[in-house]
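Here is what each chain is made of, one letter per residue.
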Amino acid sequence: MDKAINEIWKSSLPGGGFANRPGGQYRPDATAWAIIALQLCGVEGQRLHFARQRLAASQLEDGRVVLSADQPGSFWPTPLAAMAWHKSPEFTHSESRAASFLLKMTGNHFKRTAASPAGHDTAIKGWPWTEDTHSWVEPTSLAMIALRVTGCGGDKRIAEGVRLLLDRQLSRGGWNYGNTTVFGTELAALPESTGLALAALPGLADKRDVSRSIARLKDTIKTLTTPFSLGWAILGLSAWGERPRDANALIDRCLKRQDRYGAYDTSLIGLMIVARKAEGGLIHAFS
Amino acid sequence: MLFRDRDRLDLPHLETLFRASAISRRDLVFRLLPRGLFTLLSLPILQSCMRSEPSSEAFVAKVPRYGADIRSAILSGFRELGVRSDEIKGKTILLKPNLVETRVDAPHINTHPGVIRAAIEAFRNLGASRIIVAEGSGHCRDTLRLLEETGIMDVLAEDRIPFVDLNHDDIYTVPNAGGHSRLKTLTLPLTLQKVDWIVSMAKLKTHHWAGVTLSMKNLFGLMPGSCYGWPKNILHHAGIEDCILDINATVRPHFAIVDGIVGMEGDGPIMGSPKEAGVIVMGRNLPAVDATCTRIMGIDPKRVHYLADSSGRLGAIREENIRQRGEPLSSVRTPFALIDKIPAQKKLLSP
Numbered sequence: 015m016d017k018a019i020n021e022i023w024k025s026s027l028p029g030g031g032f033a034n035r036p037g038g039q040y041r042p043d044a045t046a047w048a049i050i051a052l053q054l055c056g057v058e059g060q061r062l063h064f065a066r067q068r069l070a071a072s073q074l075e076d077g078r079v080v081l082s083a084d085q086p087g088s089f090w091p092t093p094l095a096a097m098a099w100h101k102s103p104e105f106t107h108s109e110s111r112a113a114s115f116l117l118k119m120t121g122n123h124f125k126r127t128a129a130s131p132a133g134h135d136t137a138i139k140g141w142p143w144t145e146d147t148h149s150w151v152e153p154t155s156l157a158m159i160a161l162r163v164t165g166c167g168g169d170k171r172i173a174e175g176v177r178l179l180l181d182r183q184l185s186r187g188g189w190n191y192g193n194t195t196v197f198g199t200e201l202a203a204l205p206e207s208t209g210l211a212l213a214a215l216p217g218l219a220d221k222r223d224v225s226r227s228i229a230r231l232k233d234t235i236k237t238l239t240t241p242f243s244l245g246w247a248i249l250g251l252s253a254w255g256e257r258p259r260d261a262n263a264l265i266d267r268c269l270k271r272q273d274r275y276g277a278y279d280t281s282l283i284g285l286m287i288v289a290r291k292a293e294g295g296l297i298h299a300f301s
Numbered sequence: 153m154l155f156r157d158r159d160r161l162d163l164p165h166l167e168t169l170f171r172a173s174a175i176s177r178r179d180l181v182f183r184l185l186p187r188g189l190f191t192l193l194s195l196p197i198l199q200s201c202m203r204s205e206p207s208s209e210a211f212v213a214k215v216p217r218y219g220a221d222i223r224s225a226i227l228s229g230f231r232e233l234g235v236r237s238d239e240i241k242g243k244t245i246l247l248k249p250n251l252v253e254t255r256v257d258a259p260h261i262n263t264h265p266g267v268i269r270a271a272i273e274a275f276r277n278l279g280a281s282r283i284i285v286a287e288g289s290g291h292c293r294d295t296l297r298l299l300e301e302t303g304i305m306d307v308l309a310e311d312r313i314p315f316v317d318l319n320h321d322d323i324y325t326v327p328n329a330g331g332h333s334r335l336k337t338l339t340l341p342l343t344l345q346k347v348d349w350i351v352s353m354a355k356l357k358t359h360h361w362a363g364v365t366l367s368m369k370n371l372f373g374l375m376p377g378s379c380y381g382w383p384k385n386i387l388h389h390a391g392i393e394d395c396i397l398d399i400n401a402t403v404r405p406h407f408a409i410v411d412g413i414v415g416m417e418g419d420g421p422i423m424g425s426p427k428e429a430g431v432i433v434m435g436r437n438l439p440a441v442d443a444t445c446t447r448i449m450g451i452d453p454k455r456v457h458y459l460a461d462s463s464g465r466l467g468a469i470r471e472e473n474i475r476q477r478g479e480p481l482s483s484v485r486t487p488f489a490l491i492d493k494i495p496a497q498k499k500l501l502s503p
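Protein chains in written order, with our numbering: chain Z, 15 to 301; chain P, 153 to 503.
Keep in mind that the hints were calculated from the coordinates and are not lab data.
Heads up, some of the hints might be wrong.
[Stated by the list, open to error] Quick list of in silico lysine-lysine cross-link-like pairs, BS3-like style, CA-CA up to 30 Å:
1. Lys493(P) - Lys125(Z)
2. Lys139(Z) - Lys493(P)
3. Lys270(Z) - Lys346(P)
4. Lys101(Z) - Lys125(Z)
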């Protein structure tokens with residue numbers, strides 16, 4: 015883990031915060047992942063404080079945290095930022111504004127008609143990646159996790175998020191980015207989406223309702239070698255007490271595969287560290 | 153929708169007609185032209201017939217299987233199309249494959265690694281100093297997994313080719329040079345500013361929203377998901393076909409190589425069936441390449457709205473304006489199945 019932590023620091027920026035790559039532009043998502051990962055490793059101090067401060071500078075008046083000032087609609091880093099501020103008393107206000115924004119923000123929703131090519135219930139409200147677009151599985155899961163971490167788990171939006179995720183679950187188990195069927199054909203599950211949805215649902219859904227997805231992910235995880243899918247698959251299974259016994263070995267092997275893939279982005283290294291440390295799932299890691 | 157909104161009409165050639173004539177536009181519009189005819193003239197098919205097109209070229213090679221000598225086919229295409237060493241030597245080339253998702257039973261979803269390897273070797277043969285493979289997949293957020301499971305990672309590792317995940321690249325914003333959609337600007341990955349040539353390495357496929365997905369639609373994958381979401385919903389909401397035109401007009405790609413050795417018919421771009429067409433289609437002008445591809449698929453390119461709209465603006469789609477190099481179209485025509493319950497494909501069916 016020490017090596018991974020050092021790799022994260024290589025992307026830190028002089029003005030605070032992190033880029034996805036050494037020498038790259040500031041990225042709020044990379045910054046949030048770096049903070050969460052370093053915090054779980056017991057790292058604290060001024061550099062982390064500056065990173066949180068930089069993240070706070072990306073927050074707009076309504077609480078959203080945006081990719082960049084000229085991309086105000088790209089608010090998907092907001093849940094990550096809320097988690098990065100959590101446990102830091104100086105940033106309680108930023109965290110609470112982010113949570114308020116998430117509670118107000120919803121995707122575009124509409125009543126499903128008989129002629130709709132999509133198989134899911136398009137009226138259930140969740141969260142989109144970007145403003146004025148439909149709600150999808152990953153941003154909905156991330157928003158639910160962040161709201162639960164920040165103490166808003168009892169809000170009705172969480173209950174509706176559960177409905178959305180269960181509605182979007184594929185009949186054979188697992189989730190893809192958010193469609194179930196299109197023009198009558200069921201789409202394929204993606205391990206990263208499945209892991210994220212499972213990470214959001216413990217304590218909110220009955221295990222029997224997601225057992226097919228857990229089984230499917232347990233089967234798939236053996237084949238995963240890349241950090242994004244593996245990280246979320248481990249976090250999803252860990253959240254349900256199904257963490258693979260060799261999870262840490264899988265993570266170490268995945269980190270070594272940078273020899274093959276090239277250096278991972280800061281966000282991916284952060285995710286790997288979090289998957290290693292959060293043995294009871296992401297939400298549990300903040301409790 | 154067959155008819156487009158009036159506020160999105162783009163009739164530059166009618167403007168030219170008005171200016172050249174003695175009658176006023178007001179007279180023509182309100183006294184002479186019946187309203188129905190005005191609406192009819194808004195059809196992309198008719199607009200494309202009225203615009204003049206530059207002449208262009210497209211090259212078709214017969215390649216019966218992925219184990220064949222694809223590199224030689226691409227080099228033949230370069231020769232026929234006048235792509236020479238003095239144009240490529242010392243240049244940085246970005247190859248943009250079509251990587252969507254992986255399923256064990258569906259290798260025909262993605263550009264085949266054998267075609268990517270052949271293109272790498274062919275550009276190296278002409279003296280390219282650096283080759284990059286880059287993609288920003290539309291809905292699968294784990295691009296490394298896509299590379300691994302398609303076998304493309306093996307090619308990149310063996311040939312020491314860097315890969316850039318365009319979904320998470322640094323970004324820059326430029327005015328939308330197309331003006332077809334409501335988007336005023338487009339945000340692009342910074343890598344595009346670091347390369348000399350952008351090559352769209354598409355797959356020959358039908359598509360359930362756009363009718364067909366070829367070299368022009370493949371450029372959706374240049375657009376960073378960090379700004380446009382997954383799937384690239386902002387582009388969907390702004391109109392897929394309009395955004396195809398906007399991206400092509402703004403990025404101005406340099407070349408296209410379409411993998412049609414095994415394409416996809418029916419419910420593309422993911423759930424359709426494999427279709428052996430046994431071709432590689434190449435060219436400098438993407439509308440001309442895509443129009444040639446659609447003719448191979450048994451589809452009239454004028455029925456594909458974004459191709460009809462690209463006519464005269466971004467290139468040529470009329471058969472008489474595309475000099476066909478390599479194999480004659482008649483020898484490679486392989487009709488692709490279309491599904492009439494899918495509106496975007498139903499409109500492609502001949503009446």
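Here is how each hint holds up against the structure:
{"no.": "1", "hint": "Lys493(P) - Lys125(Z)", "in the structure": "21 Å, holds"}
{"no.": "2", "hint": "Lys139(Z) - Lys493(P)", "in the structure": "28 Å, holds"}
{"no.": "3", "hint": "Lys270(Z) - Lys346(P)", "in the structure": "29 Å, holds"}
{"no.": "4", "hint": "Lys101(Z) - Lys125(Z)", "in the structure": "40 Å, violated"}
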